[in-house]
Amino acid sequence: MTVSKIEIDVKTQYLAAQSNPDAGQYVFSYTITITNESSQLVQLLAREWRITDADSKITRVAGDGVVGQQPKLEAGESFSYTSGTVLATPIGTMEGHYLMIDAQGEQFKTPIPSFRLAIPNIIH
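Per full-length UniProt numbering, residue 1 is the first one in the sequence shown, and the count goes up by one each step.
Because the hints were derived from the structure by calculation, they are not lab data.
Given the structure is predicted, the values throughout are model-derived calculations rather than measurements.
Incorrect hints may appear among the rest.
[To be verified] Below, a list of computed lysine-lysine pairs in the DSS-like style, where the Cα atoms sit at most 25 Å apart:
| id | residue 1 | residue 2 |
| --- | --- | --- |
| 1 | LYS72 | LYS5 |
| 2 | LYS57 | LYS11 |
| 3 | LYS5 | LYS109 |
| 4 | LYS11 | LYS109 |
| 5 | LYS57 | LYS5 |
| 6 | LYS72 | LYS109 |
Please take these sequences and the hints and turn them into a complete structure.
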């Protein structure tokens with residue numbers, strides 16, 4: 001299976017009410033939609049993230065599934081979930097990959113392209 005058959009869409013949001021800039025805590029949520037554009041069933045097994053803040057501090061996060069689930073996606077199906085992260089700076093990036101398995105039992109990685117986390121209007 002080619003990994004290009006899995007589409008990843010990301011939307012981010014700064015959560016000002018949960019953030020405390022004076023303490024260096026900037027809270028962001030991200031909603032990811034995973035769409036199976038292949039012709040067969042796939043399942044998401046695990047995820048791995050690389051989170052980088054504006055001070056170049058890198059945090060790696062890995063684990064089974066997403067938000068406690070290991071969703072199965074039939075051909076053409078989508079799965080969306082929302083999660084979050086806390087940065088020590090008002091801007092940063094996230095990137096990573098999902099470990100998936102196809103109907104033949106073959107595991108493959110689907111890259112999650114780098115996306116930006118930033119408080120509104122910080123970059124003009």
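Violated hints - listed by number, lowest first: Hint 5 is the one this structure does not satisfy, whereas the remaining hints hold.
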